[in-house]
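Respectively, the protein sequence lines represent chains W and Y.
Position one of the first sequence corresponds to residue 62 (the numbering used here), numbered consecutively onward.
Position one of the second sequence corresponds to residue 62 (the numbering used here), numbered consecutively onward.
Keep in mind that the hints were calculated from the coordinates and are not lab data.
Don't take each hint at face value.
[As the list claims (entries may be wrong)] Chain W is faced by these chain Y residues, among others (derived, beta-carbon under 7 Å):
#1 Asn97
#2 Arg100
#3 Pro117
#4 Thr121
#5 Lys232
#6 Thr307
#7 Pro322
#8 Val324
#9 Lys328
#10 Leu331
Note that beta-carbon positions come from the ideal geometry of N, C-alpha and C, so glycine has one too.
Number of protein chains: 2
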Amino acid sequence: MDTILVRYSEIGLKGKNRTYFENKLVNNIRECMKKNKVRFSNLHKSRGRILLYSLPKAATYLKNVFGIASLSIAKEVELNHKAIEKAVEEASRKERFKTFRISVQRLNKNFQKTSMQLEAELGAFVVKRFRKKVKLENPDLNIHIEITDKAYIFTETVFGFRGLPISTQGKVISLIEDKESLLSTILVMRRGCSAVLVGFKDFDIEPVKRFAYGFEVKFIKLKKFEDIEDIAKRNKIKALVVGQTTETIKNLETDLLLLRPLVGYSKLELIQLYKQFGIK
Amino acid sequence: MDTILVRYSEIGLKGKNRTYFENKLVNNIRECMKKNKVRFSNLHKSRGRILLYSLPKAATYLKNVFGIASLSIAKEVELNHKAIEKAVEEASRKERFKTFRISVQRLNKNFQKTSMQLEAELGAFVVKRFRKKVKLENPDLNIHIEITDKAYIFTETVFGFRGLPISTQGKVISLIEDKESLLSTILVMRRGCSAVLVGFKDFDIEPVKRFAYGFEVKFIKLKKFEDIEDIAKRNKIKALVVGQTTETIKNLETDLLLLRPLVGYSKLELIQLYKQFGIK
């Protein structure tokens with residue numbers, strides 16, 4: 062099994078609530094692995110990172126967990142030069158490349174060598190061992206090394222959607238009628254909200270499900286508009302999310318706080334968001 | 062005076078209302094020039110473009126007119142090969158470059174030569190005349206030629222914010238309290254709304270003014286929250302815009318339709334938007 066190194070960003074700004082957000086993210090990562098039936102073990106926090114052992118395919122699911130900034134499938138080795146060198150050698154042997162660079166990030170300042178020393182030494186090693194050329198800008202291969210309690214060596218980074226872990230913020234009802242409302246729901250989920258999906262007609266909520274870690278997504282069919290207030294009351298929900306844009310804005314007969322996340326986006330940005338979140 | 066070639070995008074999707082949107086954009090461009098005291102003449106539509114004659118500095122103001130996708134300061138010449146060649150020669154003489162390419166866009170299909178023919182002939186001309194090298198990807202200099210009723214030759218394109226021309230959509234009241242509300246206001250303006258700005262304290266609305274073409278921006282000081290309803294009634298306004306984000310959401314005592322354009326954006330996206338719209 063590989064080590065998966067998960068980075069988060071916005072949570073870092075949360076000050077003394079940081080642990081709360083980190084724990085929610087760990088929880089949502091666990092849920093993502095279970096829902097998608099991917100084996101994993103030893104999921105834990107370590108020096109501003111979340112780590113787990115799993116299979117490479119885990120990355121394709123994990124990138125949809127809101128709160129994750131990026132992740133890498135890494136080789137984990139002990140904190141000594143020989144072990145790191147060996148992992149760098151393995152990574153170099155696996156890839157075809159002409160030019161390369163070594164990028165070291167030392168989160169653990171106790172390690173005896175500085176980032177620059179390590180980069181220079183390991184760069185020289187790859188040059189000698191494989192007869193390749195160092196290139197700092199746009200190399201064919203970028204070998205990254207993160208130094209925390211152990212050393213993590215990787216060559217690829219998968220980007221996530223950032224945002225806040227679902228269930229760190231309030232709960233909303235989401236009226237699903239069209240692809241606009243799917244996008245609205247996903248955007249509010251990325252801000253940490255969980256959502257109860259409702260609608261007058263059955264609707265394919267697959268695009269929402271793909272990001273629904275941190276709550277159990279369900280779709281409730283409405284008979285009449287007033288049902289929304291009942292569902293809100295039963296679930297202690299105060300806000301209703303709709304897909305209205307500036308051009309389709311209208312008032313709805315409800316005491317709920319109405320959210321229209323799409324009103325600020327330009328057409329081009331909306332097209333990009335549909336693509337980004339896989340909404341067709 | 063140079064010719065300024067203005068391109069718009071989203072308006073193109075508007076079908077039979079297209080003329081209405083185009084005319085609003087022309088009107089807002091005129092207002093932008095007047096408000097900023099930039100001399101201009103002969104502002105008109107031509108084959109999916111808006112053209113005017115003005116000074117290069119006009120571009121720095123025009124890029125803030127919502128609805129504009131991009132603009133270029135161009136040399137306008139008659140539709141014949143000799144005149145185009147001469148303009149290409151002038152453009153080449155003005156710049157320092159080693160590699161170049163010619164990019165022709167022929168919006169007027171009556172012109173006798175195809176885009177490819179023109180690119181090949183003019184490319185060969187610059188190679189011979191200046192002893193430079195053609196490079197299709199990332200050339201030092203890209204000489205563009207747009208063929209409509211005349212030919213327009215330019216080497217730079219300034220990007221605008223797209224969106225819809227202000228005053229093509231409804232009017233809103235905007236409660237200005239912080240930089241979040243400035244951004245909210247600008248986002249809704251980019252969707253074509255005009256705004257009446259209100260607030261309990263004086264606030265620097267300069268960032269909003271920079272985009273306020275298509276309506277007269279003013280700031281009304283409130284004594285109490287209920288004043289908002291009066292202002293709305295007097296101005297026949299139905300919506301109130303606030304700067305609330307998912308984390309600062311709260312209900313307000315009002316019958317107006319409440320808009321919170323920021324609820325869908327992630328922190329990183331908000332930081333980018335502040336920068337993009339010059340909000341500090």
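Please write out, lowest number first, the hints stated earlier that are contradicted by the structure.
1, 2, 3, 4, 5 and 10
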